[in-house]
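*Asks:* One letter stands for each residue in the lines below.
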Amino acid sequence: MASLTATLTLSSTTVSSDALSFSVTDTANVVAPIENVARIIAATSGGDSADNTAKIILPNIDANRYVYIKHLGLNSAGGDSGADQVKIETADGTQIMLLSKDEFAFFPYYDGNASLLQIQASANTVQVEYAYFTRS
Amino acid sequence: MATLTPTLTLASTDASSDAISFSTTLGLSVTPPSKGISRINATATGGDNIIVPVGSANIAYLYVKHTGTTDGSTATTQLVDIEDTDNVAFARLGAGEFAFLPYSKAGGGKGVQLQVAHASVVQMEYAFFSKA
Numbered sequence: 001m002a003s004l005t006a007t008l009t010l011s012s013t014t015v016s017s018d019a020l021s022f023s024v025t026d027t028a029n030v031v032a033p034i035e036n037v038a039r040i041i042a043a044t045s046g047g048d049s050a051d052n053t054a055k056i057i058l059p060n061i062d063a064n065r066y067v068y069i070k071h072l073g074l075n076s077a078g079g080d081s082g083a084d085q086v087k088i089e090t091a092d093g094t095q096i097m098l099l100s101k102d103e104f105a106f107f108p109y110y111d112g113n114a115s116l117l118q119i120q121a122s123a124n125t126v127q128v129e130y131a132y133f134t135r136s
Numbered sequence: 001m002a003t004l005t006p007t008l009t010l011a012s013t014d015a016s017s018d019a020i021s022f023s024t025t026l027g028l029s030v031t032p033p034s035k036g037i038s039r040i041n042a043t044a045t046g047g048d049n050i051i052v053p054v055g056s057a058n059i060a061y062l063y064v065k066h067t068g069t070t071d072g073s074t075a076t077t078q079l080v081d082i083e084d085t086d087n088v089a090f091a092r093l094g095a096g097e098f099a100f101l102p103y104s105k106a107g108g109g110k111g112v113q114l115q116v117a118h119a120s121v122v123q124m125e126y127a128f129f130s131k132a
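Sequences listed follow chains L and R, in order.
Note that this note's numbering has the first sequence beginning at 1, numbered continuously upward.
Note that this note's numbering has the second sequence beginning at 1, numbered continuously upward.
In case anyone wonders, no lab produced these hints; they're calculated from the structure.
A portion of the hints provided could be inaccurate.
As the list claims (entries may be wrong) - A few chain L residues that face chain R, going by a derived Cβ cut-off under 10 Å, partial list only:
1. S12
2. T14
3. V24
4. A28
5. D48
6. Y66
7. K70
8. D84
9. I88
10. I96
11. D102
12. F107
13. Q127
Glycine included, each C-beta is placed from N, C-alpha and C at the ideal position.
Make a model of the complete structure from these sequences and hints.
*Replies:* As structure tokens, this is what we get:
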């Protein structure tokens, strides 16, 4: 069995009168399916979702998966993606998160059933980096 | 306007033949409402454990961690769902696990709550910051 170590640090000297500075680390056991760091173009059409608007990044299985997703700030041609955002959606197209330029998310995705995760650009195209690891 | 700086590091030497080791970071502009690092004793009734109030933020940078305890000292492995305030789960945390994400439910107006998967109590840590 493999392990994945994730560390999150949050810091700020301006978000409140009490400076924020802390880290959390978790080492989790992970099994296949695993998809190592990959890149994909999010668009508004031409996808493989039910309505062809989004790209599926997690297959439809009944498992808890640690998911990393990052908006790379680039369009499909490698230029600046500007204000175009990336919608993170469930299988029915319901948006649950919204990534702006350079933002990222890390979370253990699971809704209690077999479920997939898909991404879609708010407009135009956006390069997205992602990875996932299945909890053992 | 305030700035929040999150940094995520992922590492593994055995998840694949190619070792994983990378970090990503950025500065996020944030504005009220926000809530600093807080703790709640979550129960199996999600509506009793709302951590991001309904309508408080269009996009909320949300941090949630399962402390692995019921009260700060007694160990538990009960799973805890992160849900919108319509009881729809989108993440499930085990002991010691955490999440950091820009929550933004389609249509807006939805908060975030925590719900223990079985009748039990789990002490959870959380914070949120509204995107400016």
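*Asks:* So, against the hints stated earlier in the document, which numbers end up violated here?
*Replies:* 5, 8, 13
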